[in-house]
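Student: Each chain, written out:
Number of protein chains: 2
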Amino acid sequence: MENGDEMNPFELRHQVRSGAFRQPTAGYCGDYAQANLVILPAQHASDFLLFCQRNPRACPLLAVGEPGQWQIDRLGADLDLRSDTPGYNIYRHGELAEQVHNLYEVWRDDLVAFAIGCSFSFEHMLMAAGIPLRHIEQRRNVAMYRTNIANAAAGPFAGQMVVSMRPMKAADAIRAVQITSRFPAVHGAPVHLGDPALIGIADISRPDYGDPVEIMPDEIPVFWACGVTPQEAIRHARLPLVITHQPGYMLVTDILNASLAAF
Amino acid sequence: MENGDEMNPFELRHQVRSGAFRQPTAGYCGDYAQANLVILPAQHASDFLLFCQRNPRACPLLAVGEPGQWQIDRLGADLDLRSDTPGYNIYRHGELAEQVHNLYEVWRDDLVAFAIGCSFSFEHMLMAAGIPLRHIEQRRNVAMYRTNIANAAAGPFAGQMVVSMRPMKAADAIRAVQITSRFPAVHGAPVHLGDPALIGIADISRPDYGDPVEIMPDEIPVFWACGVTPQEAIRHARLPLVITHQPGYMLVTDILNASLAAF
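Keeping their order, the protein sequence lines are chains F and R.
So the number in our numbering is just where the residue sits in the first sequence, counting from 1, plus 719.
So the number in our numbering is just where the residue sits in the second sequence, counting from 1, plus 719.
Certain hints may be false.
Because identical chains cannot be distinguished in the list, a pair is counted as satisfied if it fits within a single copy or across any two copies.
In silico SDA-like pairs for lysine to any residue, Cα to Cα no more than 25 Å straight-line [stated by the list, open to error]:
| id | residue 1 | residue 2 |
| --- | --- | --- |
| 1 | LYS888 | GLN818 |
| 2 | LYS888 | ALA921 |
| 3 | LYS888 | GLU856 |
| 4 | LYS888 | LEU917 |
| 5 | LYS888 | ALA871 |
| 6 | LYS888 | ARG773 |
| 7 | LYS888 | GLY787 |
| 8 | LYS888 | ARG859 |
| 9 | LYS888 | GLN734 |
| 10 | LYS888 | ALA816 |
| 11 | LYS888 | GLU817 |
| 12 | LYS888 | GLY849 |
| 13 | LYS888 | GLU938 |
| 14 | LYS888 | ARG957 |
| 15 | LYS888 | ASP828 |
| 16 | LYS888 | ALA873 |
| 17 | LYS888 | ARG901 |
| 18 | LYS888 | GLY746 |
| 19 | LYS888 | HIS733 |
| 20 | LYS888 | ALA745 |
| 21 | LYS888 | MET935 |
| 22 | LYS888 | MET846 |
| 23 | LYS888 | PRO959 |
| 24 | LYS888 | SER802 |
| 25 | LYS888 | ALA869 |
| 26 | LYS888 | GLN788 |
Keep in mind the hints are simulated off the structure, nothing from the lab.
A quick note: this is a predicted structure, and the numbers were derived from the prediction, not measured.
So here's chain F without its partners, still in its complex pose:
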């Protein structure tokens, strides 16, 4: 398999499609946005679209397809949503039923795909600005936590916001607010910083998802709304069928991160 920096998103997707690339996408095609994927039947699509509209920090939408549409121009040339993500989770009635590498057999004409912005985009921007990210330095998954911040409900979709946490020095935290504020399409500004208990996190050393990461005495924990939020809401909705990407195995799009800057 080729080096990530040498592949463009088109090439990476074709390697995924052929089965040559079956690993997490972090670190590949860093200039381009990677997307969380949610695919569900059209009868629930308008409720989920409303859920995303009402919870834009956790569920910033990069694109939404038409029923049955597995190619969305906005996301990439020659893209196939059925095959271009290195791993898919299939949930039935809220339970993980299968993990597959393509959706050719499960695809239906009533399925609607949602591509949701991913923190990989702003992490790339933070590192480009010289802000160290410990979980990346230590090659771990980012630490994620359930909070007591209620999502705005829409149909069967509700639940609490999930956040990712990155420890940083205060001056870097201020710079990180500035940088990520420019990118509302990939979660935007932090939702909290400082005392974890104020958003319902009892023990910062025990994340609900991902890996724990040390917070140094001169650092402050900074929390962003996380793309796991919609997955939690979807599972709790217990729909007969929902398909997502496997966490970390993202859809790599043709959208330049820099093009997502709101200002």
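For this one, chain F is given, so just place chain R on it according to the hints.
Tutor: Same frame as chain F, now just chain R:
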């Protein structure tokens, strides 16, 4: 004296000039920038200009005059720097020698005036965004602290940064970073938030200038570079003559705060 909201800056300055207005300017002409004033002999002006350039967060320059110039178009129509500030401090060899209401007797052809942005501008923006500011609610002066953050020296001007502190909830602190980042001409983004000890503040309940303010358990202290920084640097330089405004008795300019937005 007329109500502050009814006066425009031109009218306020004329009331100041006539002696009808001799009080702090906070709360007057809220849509317009108020300025810290530093006036010193031309022989030290280039060093002080360099000091401001090297310490832009503490010393954001709105305007600099030519030697002897007491009218600066950029600051306001029909403005007279010798009379339009409600109170002036005259320092001789670093000591406060006199407090006067105008500079007619002390003005010289070699004096250079520096107008430095003031946090009143961004406080107006924060309150307009619904962020409560406790020192204003309690009608106190903002709490200010000497830090261990060294200024970049220029000629005789050096010393440490002075910061102002405003306690706020984390979500408001994040919003405040966004709002104040747009206004580098009035100190811009915070320089620190969270643990005061990390910037050399031993006791947050005892400010070095201004009034103490309570920090609630669900709040975080947020620190901005403060316009008192250049005054400290100037006093420590012990020049034969320096003139400043009296703290709180600012020069009210014709510059709309909104026009200072960098983006």
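Student: Which hint numbers does the structure go against, in order from smallest to largest?
Tutor: Going through the list in order, the structure violates hints 1, 7, 9, 10, 11, 14, 15, 16, 19, 23, 24, 26 and respects the others.
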